[in-house]
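*Asks:* Chain residues, written in single-letter form:
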Amino acid sequence: MSYLKDEPLDVRTVAHQVVSAERGGVVTFLGAVRNHHAGRAVLRLEYSAYGPMADAEFSQIIAEAESRWPAKVAAEHRVGTLEVGDVAVVVVAAAPHRDAAFDACRYVIEAIKRRVPIWKREYYVDGTVGWVDPTASAGVSF
Amino acid sequence: MRIRVLLFARYAELMGQTELGIEVDAPATVRTVLDTLRARAGGAQLPPSPMVARNQVHAQLDTALEDGDEVAVLPPLAGG
Numbered sequence: 001m002s003y004l005k006d007e008p009l010d011v012r013t014v015a016h017q018v019v020s021a022e023r024g025g026v027v028t029f030l031g032a033v034r035n036h037h038a039g040r041a042v043l044r045l046e047y048s049a050y051g052p053m054a055d056a057e058f059s060q061i062i063a064e065a066e067s068r069w070p071a072k073v074a075a076e077h078r079v080g081t082l083e084v085g086d087v088a089v090v091v092v093a094a095a096p097h098r099d100a101a102f103d104a105c106r107y108v109i110e111a112i113k114r115r116v117p118i119w120k121r122e123y124y125v126d127g128t129v130g131w132v133d134p135t136a137s138a139g140v141s142f
Numbered sequence: 001m002r003i004r005v006l007l008f009a010r011y012a013e014l015m016g017q018t019e020l021g022i023e024v025d026a027p028a029t030v031r032t033v034l035d036t037l038r039a040r041a042g043g044a045q046l047p048p049s050p051m052v053a054r055n056q057v058h059a060q061l062d063t064a065l066e067d068g069d070e071v072a073v074l075p076p077l078a079g080g
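Taken in order, these protein sequences are the chains called A and B.
Under this note's numbering, the residues of the first sequence are numbered 1 to 142, in order.
Under this note's numbering, the residues of the second sequence are numbered 1 to 80, in order.
Don't take every hint at face value.
To be verified - Estimated spans, in silico, between C-beta atoms of each pair:
hint, chain 1, residue 1, chain 2, residue 2, range
1, A, ALA138, B, ARG40, 35 to 41 Å
2, B, ASP25, A, GLU22, 56 to 62 Å
3, B, ALA26, A, VAL129, 37 to 43 Å
4, A, PRO8, B, GLU19, 51 to 57 Å
5, A, GLU22, B, ALA41, 23 to 29 Å
6, A, VAL125, B, ASP25, 32 to 38 Å
7, A, ARG106, B, GLN17, 35 to 41 Å
Since the hints were derived computationally from the structure, they do not count as laboratory data.
Where is the CB? At the ideal position from N, CA and C, for every residue including glycine.
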């Protein structure tokens, strides 16, 4: 099983992995493709990944969250070409109560951004193409 | 010793390849591999301290390598 999907993500499928009768608090985070970045209008984008390491990091991050809070967490990330509005990432955290679900969900999405080897290539309406680079002052490298 | 190097995204574009095998003298660290890459075409544009992984685990520039290791040079991550 991989956390990376090259087809549209289905929130219900992800939630189904962790929702249960004992876990009444369920928090879902969806990240969708924005129509603008770094002052440019975005047409579409491509996500690529270092697959085996990305899966290992996803497993590790979810295990960390589940050991820190009484929660179960499931997540998926798109790869390939996405259009504006498409869902790029889904994180669902389910716990007996809402505090743990919110905390675990937040932990996992923040850790995904910091640690999972995934890259984003943006195609802009003006015809230019850039690599999204959160470490660059412009937010993008060409 | 033999090291398998993986390049991704912008770094793969800079160097015109996604994977290469290189020979380095032992003892070697990730830094040794990066110095070797910098001498190759396009390698001079790699940043001084890129994010790196050894055998699919995040590593540091001074992480020691063994024969047959895989070193991945990771551009700034942009998932999520």
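*Asks:* Look at each hint and say if it fits the structure.
*Replies:* Now for the hints, and whether the structure bears them out:
no.: 1; hint: A:ALA138 to B:ARG40: 35 to 41 Å; verdict: violated, 27 Å
no.: 2; hint: B:ASP25 to A:GLU22: 56 to 62 Å; verdict: holds, 57 Å
no.: 3; hint: B:ALA26 to A:VAL129: 37 to 43 Å; verdict: holds, 41 Å
no.: 4; hint: A:PRO8 to B:GLU19: 51 to 57 Å; verdict: violated, 30 Å
no.: 5; hint: A:GLU22 to B:ALA41: 23 to 29 Å; verdict: violated, 58 Å
no.: 6; hint: A:VAL125 to B:ASP25: 32 to 38 Å; verdict: violated, 50 Å
no.: 7; hint: A:ARG106 to B:GLN17: 35 to 41 Å; verdict: holds, 38 Å
The structure does not agree with the numbered hints 1, 4, 5, 6 stated previously, though it agrees with the rest.
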